[in-house]
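This is what each chain is made of:
Protein chains: 2
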Amino acid sequence: MDKAKRKRLEARGWRVGTASDFLGLTPDEAALIEMKVRLSRALRARREARGLSQVALAQRLRSSQSRVAKMEAADQSVSIDLLLRGLVVLGATPRDIARVLERDSGVAA
Amino acid sequence: MDKAKRKRLEARGWRVGTASDFLGLTPDEAALIEMKVRLSRALRARREARGLSQVALAQRLRSSQSRVAKMEAADQSVSIDLLLRGLVVLGATPRDIARVLERDSGVAA
DNA sequence: TGCGGCTATGTCAATGATGACATATACTGA
DNA sequence: TCAGTATATGTCATCATTGACATAGCCGCA
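Protein sequence lines, in the order shown, are assigned to chains P and Z. According to my numbering, the residues represented by the first sequence are 1 to 109, in order. According to my numbering, the residues represented by the second sequence are 1001 to 1109, in order.
Keep in mind that the hints were calculated from the coordinates and are not lab data. One should not assume that every hint holds.
Stated by the list, open to error - Here are the simulated DSSO-like cross-link-like pairs (lysine-lysine), alpha carbons at most 30 Å apart as the crow flies: (1) P:36 with Z:1070; (2) Z:1036 with Z:1070; (3) Z:1036 with P:36; (4) Z:1036 with P:70.
On a predicted model such as this, the values are computed, not experimentally measured, just so you know.
Construct the complete structure from the given sequences, taking the supplied hints into account.
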């Protein structure tokens, strides 16, 4: 990770940097972040599969393009509630969402 | 539903009352509420299975008994994020949570 | 009866999330 | 190059969520 990116992440409240910083996350925190990341990826996948722009999704959500971008980036400022709302608006059922949560992320740890 | 209870619910922002009020929920809103209710029930089940009081769980969550009670009541003021935190603190994995979401509630509609 | 543990409900100040806006970057086609 | 489209990032006023507190009800037990 380059220094500029680290600086940006740290400024937003993420604990980023040395490996011990990452290990400093409790297992609980890690599990919640992992779920959030999976939901954000699912959101982007669903949006793109429907050929919608972030602007178009924002309109359906009565939100803004910038917030949709943050949702897909799993930004610190985005709640899981909001991600779920986004997924549901894109047609995801609770069952779909369950599959997103239990499925392995496909990205090497 | 008696009038006193309705009044209390309405005061908290729930749309309660006639059948059409309930039908006025969009399918999206209904899906989100259903997920929230399932999570709240899972929370109570897990807590009781561990023989913990609401006070004991609140301490692990660094929260309060009253908030735990509201979580288990799926109160309007409780976010899904908070319910997930509670479940994770009680040992639920993302896979466990996925099962909660996809499983039928067991309560007749 | 009274006491102690547990849960429910109402309230509120403090904190956190949200939509909106501005601006930046990247890509495409003319 | 320029214009148009899409996405990313930073900021902020407004609104929602939170922990804490008070209080009430319920139950089992002495």
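Taking the hints in turn, this is what the structure says about them:
1. P:36 with Z:1070: 23 Å, holds
2. Z:1036 with Z:1070: Given pair residue 1036 of chain Z, residue 1070 of chain Z holds - Cα atoms ~12 Å apart, limit 30 Å.
3. Z:1036 with P:36: This hinted pair holds, its Cα atoms lying about 16 Å apart.
4. Z:1036 with P:70: 23 Å, holds
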